[in-house]
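Please model the entire structure based on the sequences and the hints provided.
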Amino acid sequence: MRLPASSLPLSHFTQSSSGLPSHSDRQNTANMRPFFIRANVLESAKGSAYIEMGNTKLVCSVDGPKEITVSSDSGDAYSEGILNVRVKFAVFSHQERTVSDADAHRRIGDPTELETKLAANIQDGLSPAVCLDRIPRAQIDINCTILEDQGGVLSAALICASSALADAGIDMYDLVLSSSLAVVDNDQMIVDPSTTCLADKPISGSVTVALMPSLNQVVTCEQSGACSPETLRKAIRLATECCVKLHPLVQKALVTSVRLRSRPK
Amino acid sequence: MTATTSEKKICVPGERLFADGEEHRSGKGTHSTHGFIYASVAGFLHVVPSPIGEEKASTVEVRRFEDDDHAVPFLGAIVTAKVLNIGSRFAKCSIVCVGNSILSHPFNAQLRREDIQATERDKVEVQKCVRPADVILARVIGLGDNQTSFYLSTAEEELGVVFGTSDAGFKLIPISWTHMQCSLTGDKEQRKVAKVPNLNLKTTSS
Amino acid sequence: MEVHLSDAERVFIVHGVQEGIRNDGRGASDYRPIRVETGVLSTTLGSARVRLASTDVLVGVKAEIDEIDCKQTEKKGRIRFFVDCSANATPLFAGKGGEEMAEFVSTALTDAYSNSMALDLSKLVVSTTKAWTVFVDVVVLECGGNLTDAAALGAKAALADARLANVRIKASDSEKSEIELTDDAYFDSWQLDVTAAPLLVTVNKIGWSNVVDASLQEEVCTKSALVVGVASSPAKGDLVTLVRQTGRGSLEPDSVDEMIALGVRAGNSLNRELDRILVDIGRTQMNRNELVSAAGFLSS
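The listed protein sequences derive, respectively, from chains V, D and G.
Per UniProt numbering, residue 1 is the first one in the first sequence, and the count goes up by one each step.
Per UniProt numbering, residue 1 is the first one in the second sequence, and the count goes up by one each step.
Per UniProt numbering, residue 1 is the first one in the third sequence, and the count goes up by one each step.
Take these hints with a grain of salt, some might be off.
Claimed, not checked - For lysine-lysine, the following BS3-like pairs were computed, each having C-alpha atoms within a straight-line distance of at most 25 angstroms:
id: 1; chain 1: V; residue 1: K252; chain 2: D; residue 2: K28
id: 2; chain 1: V; residue 1: K252; chain 2: D; residue 2: K9
id: 3; chain 1: G; residue 1: K62; chain 2: G; residue 2: K130
id: 4; chain 1: D; residue 1: K92; chain 2: D; residue 2: K8
id: 5; chain 1: V; residue 1: K57; chain 2: V; residue 2: K201
id: 6; chain 1: V; residue 1: K245; chain 2: D; residue 2: K171
id: 7; chain 1: V; residue 1: K117; chain 2: G; residue 2: K76
id: 8; chain 1: G; residue 1: K62; chain 2: V; residue 2: K201
id: 9; chain 1: V; residue 1: K57; chain 2: V; residue 2: K252
id: 10; chain 1: G; residue 1: K123; chain 2: V; residue 2: K117
id: 11; chain 1: V; residue 1: K234; chain 2: G; residue 2: K236
id: 12; chain 1: D; residue 1: K128; chain 2: D; residue 2: K188
id: 13; chain 1: G; residue 1: K123; chain 2: G; residue 2: K75
id: 14; chain 1: D; residue 1: K171; chain 2: D; residue 2: K82
id: 15; chain 1: V; residue 1: K201; chain 2: G; residue 2: K223
id: 16; chain 1: V; residue 1: K117; chain 2: V; residue 2: K57
id: 17; chain 1: V; residue 1: K245; chain 2: V; residue 2: K57
id: 18; chain 1: V; residue 1: K252; chain 2: D; residue 2: K8
id: 19; chain 1: V; residue 1: K201; chain 2: G; residue 2: K123
No wet-lab data here; the hints were simulated from the structure.
Source: prediction; values computed, not measured.
Listed below in structure tokens is the structure:
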């Protein structure tokens with residue numbers, strides 16, 4: 001059922017305030033939002049993880065390795081495995097329950113433009129981290145469901161998906177950690193911004209960096225907006241430093257899940 | 001949880017374990033990069049002394065559970081497969097287990113006519129060696145193309161049909177390397193029988 | 001896309017690039033010969049054809065008047081990018097093939113143009129409730145490597161070539177408003193200002209070296225690449241409008257810095273050259289009194 005073209009949500013007329021504590025008045029811009037991660041949260045999935053970064057919440061499940069079901073551009077037989085990522089935004093994940101006109105003609109059940117783009121980004125970011133040459137002719141299904149989107153979704157999804165893969169026992173070269181930051185007009189940088197935090201500031205650019213901490217290899221480097229090359233270099237450096245801070249927390253979550261799994265039932 | 005497991009260190013992927021030198025070799029669940037051995041799964045660390053004759057002193061492995069766990073069929077693996085249907089040139093199978101581990105998802109495979117037997121390979125008739133619903137032990141000999149994932153071979157004595165179903169629908173018992181007998185009707189059927197050790201070959205079992 | 005290389009060929013290319021020698025004798029930051037033509041399609045408001053060695057793309061720009069999204073605080077128009085990889089480019093693109101590639105290029109273009117400096121979208125507004133939506137359609141006729149850069153060149157050239165008619169909206173008694181055009185819509189038109197529009201530069205990592213504008217064989221030897229969107233605005237100097245990492249490999253943090261720097265250098269020289277060509281084309285067109293039909297352009 002399509003909404004009438006001229007409907008407007010109430011939030012359009014009122015001051016947007018979520019009622020939950022936000023970080024719009026953070027003084028120290030190098031602080032990240034409160035972070036929570038737990039692995040092995042879904043009984044039925046081979047591997048799963050749940051993450052909260054501030055108010056952004058998402059859950060990820062992993063299945064496989066299984067027979068390849070998706071067709072791909074490469075014509076030759078698969079000598080390496082592939083990742084098949086699907087992303088779904090819950091209907092209540094955004095402030096406004098709207099269908100953008102880019103997606104007005106899609107069928108129910110098909111992914112929206114944003115979901116397709118996010119899935120491609122996650123696949124690009126995780127492929128270097130998984131030992132795909134050890135699972136030839138197999139695919140791993142990764143399903144991400146975003147329960148609440150308050151900024152930094154790509155970062156959260158990458159960390160959550162890599163933890164879910166590790167929880168499923170899939171061979172990986174290293175974990176993937178990620179963080180995002182926003183560059184506001186006077187070249188000031190805010191690390192791990194939430195949507196409410198940026199609501200009234202003019203953003204000149206946003207950067208997301210993902211890396212494998214032990215091997216010190218960048219797997220995703222995304223920037224949009226418009227910034228000078230010098231500002232961009234500083235932003236990437238700052239984001240890389242912040243990624244590494246999350247490493248002990250993710251390690252702890254995985255160690256706990258291994259311990260719980262090995263307990264006799 | 002045994003006492004030994006609780007003492008063992010738990011690793012996460014990417015954790016640096018040892019230097020890849022003369023003492024340690026990287027085994028299952030680890031990978032070797034830039035001269036170091038890193039864990040590649042989240043699990044318990046096992047340092048297993050290598051058998052005598054190996055150049056390195058011990059093998060480093062990271063395992064989630066005590067038994068060996070395989071996720072996908074690999075080249076050279078002994079697999080347990082179920083025959084789905086047969087044609088004149090090949091039999092289509094579905095790999096269910098790899099070694100001792102049961103796979104969470106089956107993989108399609110093909111057993112070609114020339115790979116069933118080691119001798120007289122071109123004179124083989126597929127229907128005289130395997131039939132649909134048979135359970136076979138086979139070895140993975142190659143990766144396939146778009147239609148099929150793996151190629152299998154039963155061209156060894158220990159490989160072939162382990163469990164068969166007769167035309168009448170009852171269990172088949174092996175009576176020689178080329179024939180099996182239905183347990184109820186006594187009809188003989190041709191199969192390529194596997195030489196599984198300790199298999200009870202007596203025909204008088206009911 | 002259907003290039004198969006043996007291991008020996010791969011090693012040959014990788015070692016050569018690491019020594020600074022590419023198969024066709026280019027340097028690391030050199031582009032292959034580029035030909036840009038504008039005004040090649042009569043059914044569009046603006047069009048361009050870009051040939052980057054054997055990569056051939058055709059870009060058409062159309063515009064429609066649409067409702068302004070009432071949820072936005074600032075009134076502005078929209079720009080949408082679509083990429084279609086035709087089966088002529090390579091047999092692999094027939095049917096659903098080429099979708100991944102097309103998706104990647106259109107997302108890269110959309111994101112590179114999504115900042116406020118690239119195009120002044122507020123100029124597309126025609127009334128309080130209506131604005132132009134500009135559609136940029138890229139058709140890939142032949143793929144010879146480095147599709148992203150060619151598509152971005154074509155998009156910028158086609159947008160520079162596009163002429164939007166001056167319209168006036170009259171409110172009428174019925175629900176629909178009336179659109180007024182002058183008699184000669186071609187001459188009573190205006191063009192978009194694309195001086196700050198970005199170009200995309202794909203920097204490929206081959207071995208331990210970085211190269212720009214990879215050929216098909218070099219693309220097969222690339223494990224990881226960085227697409228950099230470079231624009232230059234007179235007010236703010238060089239700007240980076242997009243960075244996207246692609247490929248199955250990972251990069252050292254220092255490599256990322258080097259690749260972005262190389263991308264910005266190459267992008268700047270590309271921007272300067274394209275601006276010069278577009279100015280030349282604009283000057284030649286002003287001297288003509290009629291539209292010249294581009295007959296048989298695919299044969300040249």
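So if I understand the rule, the pair passes when the alpha-carbon distance is 25 angstroms or less; does G/K62 with V/K201 pass? violated (33 angstroms)
Is V/K252 within 25 angstroms of D/K28, Cα to Cα? This hinted pair holds, its Cα atoms lying about 23 angstroms apart.
Pair hint V/K57 and V/K201, alpha-carbon separation not exceeding 25 angstroms: Judged against 25 angstroms, a Cα distance of about 23 angstroms means the pair holds.
Does the alpha-carbon distance linking D/K128 and D/K188 stay inside the 25 angstroms limit? Distance of about 12 angstroms is within 25 angstroms: holds.
Assess, step by step, whether the Cα of V/K245 is no farther than 25 angstroms from the Cα of V/K57, and give holds or violated. holds (19 angstroms)
Check the hint pairing V/K252 with D/K9 against an upper bound of 25 angstroms on the C-alpha distance. Satisfied, since the Cα-Cα distance of roughly 13 angstroms is no more than 25 angstroms.
Satisfaction of hint between G/K75 and G/K123, Cα-Cα up to 25 angstroms: holds (9 angstroms)
Run the distance test for V/K117 versus G/K76: straight-line Cα separation, threshold 25 angstroms. holds (24 angstroms)
Taking 25 angstroms as the top limit, are the C-alpha atoms of D/K92 and D/K8 close enough? violated (44 angstroms)
Is V/K245 close enough to D/K171, meaning Cα to Cα at most 25 angstroms? Given that 25 angstroms is the threshold and the Cα spacing comes to 61 angstroms, the pair is violated.
Would you mind confirming whether the straight-line C-alpha gap from D/K171 to D/K82 stays at or under 25 angstroms? holds (15 angstroms)
Measure nothing beyond the straight line between the CA atoms of G/K62 and G/K130; if it is 25 angstroms or shorter, mark the hint as holding. Holds, at about 16 angstroms.
In this structure, the hints that do not hold are numbers 4, 6, 8, 10, 15, in rising order.
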